[in-house]
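For the record, the sequence lines run as chains S and F. FYI, in the UniProt record's numbering the residues of the first sequence are 1 to 324. FYI, in the UniProt record's numbering the residues of the second sequence are 1 to 86.
None of these hints come from the bench; they were simulated from the model. Think of the CB as a built atom: it goes at the ideal place given N, C-alpha and C, for glycine as much as any other residue. Hints may contain errors.
[Unchecked claim] Quick partial rundown of chain S residues pointing at chain F, CB under 10 Å, derived from the structure:
1. E59
2. A119
3. V120
4. P121
5. V123
6. G126
7. W128
8. F131
[To be verified] Here are the simulated distance ranges between beta carbons:
9. L300(S) / V75(F): 32 to 38 Å
10. V67(F) / K66(S): 41 to 47 Å
11. L65(F) / L40(S): 39 to 45 Å
Take a look at the letters that make up each chain.
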Amino acid sequence: MPHRPQSACGLGDRLFRHQLTATGVVVLAIMAAVGLFLLLRAAQALRAVGVVKFLTTAEWQPDVHKFGIAAVLTGTLLVAAVAVVVSVPLAVGTALFISDVAPRKLRRTLVTMVDLMAAVPSVVYGLWGLFFFQQHVIGLSRWLSDWLGWIPVFKVDGTQPGEPLASDSVYTASTFVAGLVVALMVAPIQCSVMREVFAQAPAGEREGAYALGATRWGMIRSVVLPYGMGGIIGGTMLGLGRAMGETIAVYMIISPVFVIQPHILQTGSNSVSSLIALHYGDASTFGMSALMAAGLALFLLTLAVNFTASSIVARSRSGAQSEA
Amino acid sequence: MTVVEETPPAEAAAVEAVPLAPEVPDVPRRIGGLTRSGVLSLFDASTFGMSALMAAGLALFLLTLAVNFTASSIVARSRSGAQSEA
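With the hints as constraints, model all of the structure from the sequences given.
Listed below in structure tokens is the structure:
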């Protein structure tokens with residue numbers, strides 16, 4: 001550790017430093033307080049059934065002590081998985097286009113538009129998804145289940161491949177539709193993170209790649225993408241964290257079921273946050289404690305994902321040099 | 001905070017609510033603590049009530065749009081100089 005030169009440390013400097021430290025501590029303390037609150041309120045329910053049973057039960061009937069988050073957690077993870085699978089290629093492509101391909105004049109406009117996409121309230125995404133988007137996705141859902149129905153995830157009970165008379169309603173309100181809408185909500189955030197990292201790819205190595213005769217795509221592949229790998233992973237996981245917590249749009253689109261539903265194209269799904277939104281209005285004291293336990297599980301999950309993401313992003317930037 | 005109940009006009013009440021609406025879940029009638037997201041009450045809205053909710057959504061959309069445009073224009077202006085003001 002090299003010796004850091006000490007600047008003159010007046011009273012103002014020290015006060016300022018303490019103030020900044022205090023601010024940082026307060027942020028952490030608030031987060032810990034949220035976790036502690038959830039833990040305390042969830043204790044009653046968790047003590048009643050035990051953690052293992054809570055994690056493995058699919059039903060939600062807290063008043064007869066039969067409840068657990070197996071179904072809702074599966075739903076949350078599947079919605080998030082669909083969202084990430086769709087949004088990551090979209091975000092990587094958009095970020096590359098903005099940072100390396102688009103004409104300079106267009107860039108600012110595109111950045112603004114992507115930021116605006118992030119600014120649309122999620123309830124508006126939900127309305128749009130429910131009343132417009134869903135009807136247009138059914139064709140894709142039907143096609144996927146016709147051709148890929150032999151893969152368990154794409155199977156839809158009650159349909160045969162190529163059966164034209166199957167009702168549309170088996171494809172509505174599914175994990176897939178919710179996942180697509182959530183994908184559009186998380187893509188802008190992923191795109192922003194990736195664009196920032198791509199833009200930092202060192203100019204010298206870009207020029208070097210061009211000088212060695214690389215095409216633009218060759219340069220992107222050999223300089224920008226390796227350099228931005230941390231940004232891609234970090235952005236993906238930030239989006240994942242957001243996708244898992246997304247409440248209102250998912251709540252509006254899915255029709256809740258309390259069985260483990262692995263078929264993403266089939267009607268009926270669930271997620272932890274929409275479970276809470278659905279039940280907190282009419283929950284008893286014990287039911288509320290059970291909802292708190294579900295909330296605690298979601299909180300810990302998103303916390304873990306976000307910590308991993310930010311540590312990956314931080315590590316990739318700290319080197320500040322290309323790995324190519 | 002209470003959710004405003006929609007009282008649909010008689011002619012609108014007869015109209016089929018929404019094509020392809022999902023199976024309506026048992027939404028609790030008492031959802032409090034939400035302001036504009038009282039759009040939650042959409043599951044028991046008529047066609048006309050739905051249009052009113054869409055209008056509320058539009059208002060929210062335009063408001064966030066305005067805020068974000070202002071913000072991004074301020075950020076863009078401060079960056080365009082690309083030099084420290086210190």
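### Message
Given a cut of 10 Å on the nearest C-beta pair, is the interface hint for P121(S) held or broken against chain F?
### Response
Since chain F brings a Cβ to about 5 Å from P121(S), closer than 10 Å, the hint holds.
### Query
Is the interface hint for E59(S) satisfied, with its Cβ closer than 10 Å to some Cβ of chain F?
violated (15 Å)
### Message
Min Cβ distance, F131(S) to chain F: is it shorter than 10 Å?
### Response
holds (6 Å)
#### Entry: Evaluation of the interface hint that places V120(S) against chain F, nearest CB under 10 Å
holds (6 Å)
### Task
Identify whether the interface hint at W128(S) stands, where standing means a beta carbon of chain F within less than 10 Å of its own.
Where the cut-off is 10 Å and the nearest Cβ of chain F is about 9 Å from W128(S), the hint holds.
### Task
Determine whether the Cβ-Cβ distance between V67(F) and K66(S) falls within the hinted range of 41 to 47 Å.
46 Å Cβ-Cβ, so the 41 to 47 Å window holds.
### Query
Are L65(F) and L40(S) spaced within 39 to 45 Å by their CB atoms?
holds (40 Å)
### Task
Hint says 32 to 38 Å; check whether the CB-CB distance for L300(S) and V75(F) agrees.
Hint holds: Cβ distance 34 Å, inside 32 to 38 Å.
### Message
Next item in the hint list is V123(S). Is there a CB on chain F closer than 10 Å to its CB?
### Response
V123(S) check passes; min Cβ-Cβ to chain F is 5 Å, inside 10 Å.
#### Entry: Per-residue hint verdict: G126(S), partner chain F, C-beta under 10 Å
Since chain F brings a Cβ to about 8 Å from G126(S), closer than 10 Å, the hint holds.
### Task
Tell me if A119(S) is really an interface residue toward chain F, meaning its C-beta lies closer than 10 Å to one of theirs.
Holds: closest Cβ of chain F sits about 4 Å from A119(S), inside 10 Å.
Hint 1 from the earlier list is the only one contradicted by this structure; the remaining hints agree with it.
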